[in-house]
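Counting the sequence shown from 1 gives a position; the working numbering is that position plus 1.
These are computed hints drawn from the structure, not numbers from a lab. Cβ atoms here follow ideal geometry from the backbone N, Cα and C, with glycine treated the same way.
Think about it this way: if two alpha-carbon atoms lie no more than 27 Å apart in a straight line, the pair counts; the simulated DSS-like pairs of lysine-lysine are: (1) Lys51 with Lys62; (2) Lys52 with Lys20; (3) Lys20 with Lys106; (4) Lys52 with Lys62; (5) Lys20 with Lys62; (6) Lys20 with Lys51; (7) Lys62 with Lys106; (8) Lys106 with Lys51.
Computed beta-carbon distance windows for the label pairs: (9) Thr97 with Lys52: 37 to 47 Å; (10) Thr97 with Gln14: 35 to 45 Å; (11) Ile87 with Gly60: 27 to 37 Å; (12) Ala90 with Gly33: 14 to 24 Å; (13) Leu12 with Ala90: 26 to 36 Å.
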Amino acid sequence: MRAAPLADAPLSQGAVLTKALLRAADRLGVTGATLAAVIGLSPASLTRMKKGEFALESGTKPFELAILFVRLFRSLDAIAGGDERIARAWLANPNTALDAVPIDKIRTIPGLMDVIAYLDARRAVV
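Kindly produce the complete structure, drawing on both the sequences and the hints.
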């Protein structure tokens with residue numbers, strides 16, 4: 002019996018989350034510098050991540066923050082009906098309920114949590 006090709010090998014949680022994180026950031030138009038700040042990595046580490054030379058590790062703070070960022074993306078994507086232009090505009094414009102521009106607010110952990118809570122409340126069934 003031959004070993005399965007590497008492409009068929011199951012991906013680690015870190016590899017899957019890394020891929021999801023980079024796709025979410027791309028769809029939202031989040032810059033590398035901003036994404037690095039949100040998940041607590043250096044811009045150099047993020048560059049290596051984009052090249053496939055670095056993956057998030059389960060149990061680390063960047064891993065946990067990446068989960069939250071992907072959660073933010075999923076909520077915003079659902080609210081925007083999958084329209085990237087609407088999602089990007091929402092992130093880049095001042096929000097009176099948050100008293101900030103969401104893309105600036107998510108640079109801190111409390112700010113990221115506030116934005117997620119806001120989006121979750123907007124998705125809730127009334």
